[in-house]
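If you want the building blocks of each chain, they are given just below.
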Amino acid sequence: MTAAKINFVAQRQAFIWLLLAQLMTLAPQLGVLPVWILAVWAFVALWYWRIVSAGWFFPAHWIKACIALSILGGVYFSFSSLFSLEAMVTILVLAVVLKLLELKTARDHWLILMLSYFIVACGLLFSQQIGALIMALLQIAVLLMAQQALQRRRAETLPMLRVVAVMALQSLPLMLILFVLFPRIGPLWTMPLSDSKATTGMSDSLEFGDIAKLSQSGALAFRVRFNRAMPAAHDLYWRGLVLDNFDGRRWTRSSWSLWSSKMPPPVLAEPQLNYTVTLEPGSHKWLYTLPQALVSRDDVYYSNQHLWLPARPVMGRLQYTVSSNLGHALVDNKALNRKNLSLGRAINPRAEALAAQWQAQWPDAQDRVAAAIRYFEKTPFIYTLTPPLLGESNVDEFLFDSRQGFCEHFAGSFVYLMRAAGVPARIVVGYQGGEFNDQDGYLLVNQSDAHAWAEVYIEGQGWLRVDPTATVAPNRIRLGAEAMLRDQEGYWGASPLSLRNYEWATRLRYFVDNINYAWARWILNYDSGTQNDFLLRVLGDINPQRLMLVIMLAGGIPLCLVAFFSLRLPKRAGEDLAARYYLASCAALARKGVPRRAGETPDDYLRRIETGHACWAAWLRKQTHLFSLCSYLPEDSASYQENLTSLKRARRPQKWLERSNNATGYTSK
Amino acid sequence: MKNRIRALFRRRFNSWLDKRSPRCSEITLNQRRIFIIPSSAGLGFAIMLLGLLLLAINYQNNLIFALCFWLFSIFLVAILHTYANLSGLLLRAGAAEPVFAGELASFHLHLEAGRRDRHRLNVGFPNQQMEVCDIDAEMGAANVIIKYPTQKRGALRPGRMEVTSRYPLGILRCWSAPSLDWHCLVYPRPRCLRPLLNSADSGEGHIPDRSKDSDEFSGFNRYQAGQSPRRIFWKAYAKGQGLLVKQYEQSQANELILDWDSLEGLSVEERLSTLCAWALDCDKQGLAYGLKLPKLSVASGSGSGQLSKVLRELAVF
Numbered sequence: 018m019t020a021a022k023i024n025f026v027a028q029r030q031a032f033i034w035l036l037l038a039q040l041m042t043l044a045p046q047l048g049v050l051p052v053w054i055l056a057v058w059a060f061v062a063l064w065y066w067r068i069v070s071a072g073w074f075f076p077a078h079w080i081k082a083c084i085a086l087s088i089l090g091g092v093y094f095s096f097s098s099l100f101s102l103e104a105m106v107t108i109l110v111l112a113v114v115l116k117l118l119e120l121k122t123a124r125d126h127w128l129i130l131m132l133s134y135f136i137v138a139c140g141l142l143f144s145q146q147i148g149a150l151i152m153a154l155l156q157i158a159v160l161l162m163a164q165q166a167l168q169r170r171r172a173e174t175l176p177m178l179r180v181v182a183v184m185a186l187q188s189l190p191l192m193l194i195l196f197v198l199f200p201r202i203g204p205l206w207t208m209p210l211s212d213s214k215a216t217t218g219m220s221d222s223l224e225f226g227d228i229a230k231l232s233q234s235g236a237l238a239f240r241v242r243f244n245r246a247m248p249a250a251h252d253l254y255w256r257g258l259v260l261d262n263f264d265g266r267r268w269t270r271s272s273w274s275l276w277s278s279k280m281p282p283p284v285l286a287e288p289q290l291n292y293t294v295t296l297e298p299g300s301h302k303w304l305y306t307l308p309q310a311l312v313s314r315d316d317v318y319y320s321n322q323h324l325w326l327p328a329r330p331v332m333g334r335l336q337y338t339v340s341s342n343l344g345h346a347l348v349d350n351k352a353l354n355r356k357n358l359s360l361g362r363a364i365n366p367r368a369e370a371l372a373a374q375w376q377a378q379w380p381d382a383q384d385r386v387a388a389a390i391r392y393f394e395k396t397p398f399i400y401t402l403t404p405p406l407l408g409e410s411n412v413d414e415f416l417f418d419s420r421q422g423f424c425e426h427f428a429g430s431f432v433y434l435m436r437a438a439g440v441p442a443r444i445v446v447g448y449q450g451g452e453f454n455d456q457d458g459y460l461l462v463n464q465s466d467a468h469a470w471a472e473v474y475i476e477g478q479g480w481l482r483v484d485p486t487a488t489v490a491p492n493r494i495r496l497g498a499e500a501m502l503r504d505q506e507g508y509w510g511a512s513p514l515s516l517r518n519y520e521w522a523t524r525l526r527y528f529v530d531n532i533n534y535a536w537a538r539w540i541l542n543y544d545s546g547t548q549n550d551f552l553l554r555v556l557g558d559i560n561p562q563r564l565m566l567v568i569m570l571a572g573g574i575p576l577c578l579v580a581f582f583s584l585r586l587p588k589r590a591g592e593d594l595a596a597r598y599y600l601a602s603c604a605a606l607a608r609k610g611v612p613r614r615a616g617e618t619p620d621d622y623l624r625r626i627e628t629g630h631a632c633w634a635a636w637l638r639k640q641t642h643l644f645s646l647c648s649y650l651p652e653d654s655a656s657y658q659e660n661l662t663s664l665k666r667a668r669r670p671q672k673w674l675e676r677s678n679n680a681t682g683y684t685s686k
Numbered sequence: 021m022k023n024r025i026r027a028l029f030r031r032r033f034n035s036w037l038d039k040r041s042p043r044c045s046e047i048t049l050n051q052r053r054i055f056i057i058p059s060s061a062g063l064g065f066a067i068m069l070l071g072l073l074l075l076a077i078n079y080q081n082n083l084i085f086a087l088c089f090w091l092f093s094i095f096l097v098a099i100l101h102t103y104a105n106l107s108g109l110l111l112r113a114g115a116a117e118p119v120f121a122g123e124l125a126s127f128h129l130h131l132e133a134g135r136r137d138r139h140r141l142n143v144g145f146p147n148q149q150m151e152v153c154d155i156d157a158e159m160g161a162a163n164v165i166i167k168y169p170t171q172k173r174g175a176l177r178p179g180r181m182e183v184t185s186r187y188p189l190g191i192l193r194c195w196s197a198p199s200l201d202w203h204c205l206v207y208p209r210p211r212c213l214r215p216l217l218n219s220a221d222s223g224e225g226h227i228p229d230r231s232k233d234s235d236e237f238s239g240f241n242r243y244q245a246g247q248s249p250r251r252i253f254w255k256a257y258a259k260g261q262g263l264l265v266k267q268y269e270q271s272q273a274n275e276l277i278l279d280w281d282s283l284e285g286l287s288v289e290e291r292l293s294t295l296c297a298w299a300l301d302c303d304k305q306g307l308a309y310g311l312k313l314p315k316l317s318v319a320s321g322s323g324s325g326q327l328s329k330v331l332r333e334l335a336v337f
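Chains as they are written, first to last, in the numbering used here: chain A, 18 to 686; chain B, 21 to 337.
For the record, the hints were derived by calculation from the structure and aren't laboratory data.
Hints are supplied without guarantee of correctness; some may be wrong.
[Claimed, not checked] Covered by chain B, per the in silico footprint, the following chain A stretches (three or more residues, Cβ under 8 Å):
#1 151-165
#2 251-264
[To be verified] Within a straight-line C-alpha distance of at most 35 Å, the following computed DSBU-like cross-link-like pairs (lysine-lysine) qualify:
#3 B:Lys315 to B:Lys304
#4 B:Lys304 to A:Lys121
#5 B:Lys167 to A:Lys121
In this text, a Cβ means the ideal position worked out from N, Cα and C, and glycines have one as well.
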């Protein structure tokens with residue numbers, strides 16, 4: 018097959034649309050793509066435009082090679098990798114842009130358009146909000162128009178848009194059917210994941226100041242819907258990760274915790290709490306649950322320390338159902354507990370002296386914990402989002418000098434003191450509390466609810482939760498982060514103009530969030546489980562016959578209707594209906610064997626019938642009379658309509674005869 | 021081997037097509053005559069859809085699923101739109117002026133849109149230059165001239181023509197191969213292989229010389245359409261006496277007959293080509309001439325009427 022060379026002059030408008038389509042493809046994705054891509058596009062588009070309009074040359078091979086290499090370098094510089102999802106999408110976008118410099122045949126033109134569709138789809142990997150879908154639909158519309166521009170003499174925007182809109186609406190029913198029925202199978206192979214640096218969220222290590230930083234974000238972390246009544250606010254500790262490895266400054270997950278038993282502890286039947294958590298899009302490497310939990314999902318496994326992790330990081334939204342029992346202590350592999358005493362390389366002599374004093378004073382671990390809590394109660398600590406920076410001995414400086422800190426300062430120092438005093442302790446990070454949307458009855462957990470607390474091991478009881486922040490700032494736990502932090506500088510809702518200060522704004526925010534939640538629950542999380550439930554509810558039973566029937570009915574009928582309405586030729590303007598029905602009458606008579614001859618007037622024809630075929634004469638006389646009446650009456654008069662109706666009704670002689678026989682009992686001759 | 025299979029397939033398909041849509045002078049395209057297949061761009065579109073599906077499955081992304089299914093549905097709906105662009109189109113065979121063998125024959129095609137806009141219709145004969153035409157619903161009709169190469173003299177009946185369209189998205193190719201009842205007369209290719217001889221001079225013939233006034237001038241006549249403009253008496257026209265033609269009385273002995281038998285030693289086609297060239301030459305010079313073929317002869321005459329009469333006989337010989 019030889020590729021047809023492009024005629025640049027004839028297809029100028031198609032090129033304008035192609036450039037527009039490219040711009041439309043890449044501009045909305047600038048949040049993911051590096052910004053310099055716009056400059057590359059502008060440069061290439063300008064060059065290409067000169068080729069089209071002023072007869073410039075196509076670049077030589079070595080120039081193209083240089084451009085390609087420098088662009089690969091640029092991508093590597095921007096993402097420090099060529100194989101992350103963002104980098105790969107960027108390379109794809111650049112390939113589509115640079116293809117302009119060798120656009121010589123119609124096939125190149127098509128290649129650019131087809132890859133552009135693919136890029137639009139890739140954009141949906143990074144954002145799946147309603148807004149992103151609307152943007153993708155706009156992009157697709159422009160692409161479809163660019164595709165049409167090749168098939169029209171003049172690429173006028175409005176007629177092309179009209180065709181796109183018509184086709185989009187016509188294809189909607191079939192699309193919905195396919196969306197509902199297409200089997201949702203698991204991934205066929207692993208794909209590169211997005212590096213999550215762009216999204217806010219909890220990280221798997223903790224240093225003083227990390228959570229304070231996170232708390233300043235207004236983003237949503239996840240939503241929870243409880244099957245029964247929601248537990249009290251002070252019980253809503255959403256466990257995310259356990260950080261038990263301390264290097265003196267930074268808390269991380271210990272690697273040994275990965276080896277131990279993977280059997281989840283049984284969750285007691287009573288009192289059980291069931292709820293569904295929907296995590297906002299991001300790269301999810303762990304789940305948030307209330308302790309103690311059992312997650313029912315195939316691709317999620319139990320790690321010890323009562324944590325639940327997905328088998329592989331999950332991109333996008335993640336929804337899971339949890340059964341929890343709140344009143345149950347956490348029991349772990351005992352061998353691990355002793356590792357939770359390490360103090361790393363930290364040097365905090367004052368804190369260690371205090372801990373040694375407790376250790377000497379209280380032989381019982383439980384008493385030491387109580388002493389530490391009392392210490393946090395008595396000392397005048399200040400709970401603040403903007404604590405001062407701390408030096409090398411940060412625990413000492415916090416506990417004895419600055420005494421200003423956020424939850425991670427309290428939790429970190431508490432665990433440090435406990436470990437120094439010989440009580441196994443560890444940090445837990447996650448979220449605490451949440452904001453109840455009373456319009457639709459679910460809990461919104463924001464990034465500002467991020468929290469860190471401590472767990473201590475008491476022989477015979479297991480791991481117990483201790484939240485030193487609760488002793489310092491009880492309102493943080495009782496009223497939630499928002500109420501507590503509203504007046505603090507740096508809190509995202511604190512500015513006087515913030516809409517959080519108004520009741521109606523809160524209502525509106527809840528309403529919008531309802532829509533987003535419904536979107537996430539019904540559209541984004543439509544998976545094989547939901548599909549099964551839905552089909553069972555609608556069809557009663559899932560078997561191939563019923564599915565085929567549904568596809569046939571729901572997919573076929575709309576298509577047939579579309580076919581019927583789009584293929585029928587539009588009615589001729591100003592068509593003479595009277596003539597149409599009269600001709601139909603003549604045709605009916607022709608089937609009886611007496612056709613009207615070419616050029617025969619209605620009167621001549623009637624005369625011929627009257628002489629030769631008397632049985633039809635009365636009928637034809639009436640029809641001819643009605644026809645001539647209709648031809649001369651004004652079309653908007655009532656008698657015209659009346660005559661036309663009777664002309665139409667009587668256009669089959671056989672039926673007319675039968676009807677008049679029945680009516681009068683008289684045979685017309 | 022591949023070509024033979026292709027030829028076999030084409031023969032089978034054409035005979036099936038002949039049954040399905042026989043030759044006629046006017047044809048309305050409908051579902052019996054319109055075929056739709058994905059174009060190469062359509063195959064690209066399908067591959068792209070497959071890519072989207074894999075992307076959606078591997079990332080478990082419902083929005084990409086939705087996008088993929090939507091584009092797929094548009095693909096299906098586009099079948100109807102592409103079909104609608106051809107359906108109801110009326111094609112009528114127009115005239116075709118006679119041409120000389122080796123030239124491109126021009127066939128006039130009348131297209132009626134049938135109250136619907138028609139976009140980018142490609143009309144033409146297979147493997148020939150396609151003409152592109154658009155028809156607005158308001159204009160309603162268009163005339164297109166499509167070309168067909170000629171090789172042999174005689175009555176030319178071009179095979180099936182092709183109407184194709186890829187509107188609106190270019191991913192489907194909708195085509196019809198109506199067989200229109202077209203005739204075109206193809207004259208022999210003019211090739212003067214022998215000098216023109218006067219048959220009356222039995223071998224030593226010559227072209228009668230106008231300056232020697234070999235024909236006897238016999239008076240004037242009113243000009244009639246079809247007469248050679250060379251004979252118009254322009255001086256009279258300048259004086260406002262209307263168009264007059266000079267009339268020459270040709271003696272029987274001087275009558276110029278383009279004779280088949282004078283061309284011995286040439287093949288049939290060569291003789292016809294030579295006679296054709298002679299006739300054109302005579303017409304150019306405004307001479308009266310006749311034609312003598314083995315079974316048929318054309319009486320002497322001149323003007324465009326005579327020329328076409330003579331050329332027709334040569335074409336259908």
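Verify the proposed pairing of B:Lys304 with A:Lys121, using a straight-line Cα cut of 35 Å.
Violated, because 49 Å separates the two Cα atoms, which is more than 35 Å.
Go check the region 251-264 of chain A versus chain B for me, would you? Three or more residues, Cβ under 8 Å, otherwise it fails.
Three-residue rule not met by the region 251-264 of chain A, so violated; n is 0.
If you look at each residue in the region 151-165 of chain A, do at least three have a Cβ nearer than 8 Å to any Cβ of chain B?
It holds: at least three residues are needed, and the region 151-165 of chain A offers 5 whose Cβ sits within less than 8 Å of chain B.
Is the straight-line distance between the alpha-carbon of B:Lys315 and that of B:Lys304 35 Å or less?
This hinted pair holds, its Cα atoms lying about 27 Å apart.
Is the straight-line distance between the alpha-carbon of B:Lys167 and that of A:Lys121 35 Å or less?
28 Å, holds
When each numbered hint is compared with the structure, violations occur for hints 2 and 4.
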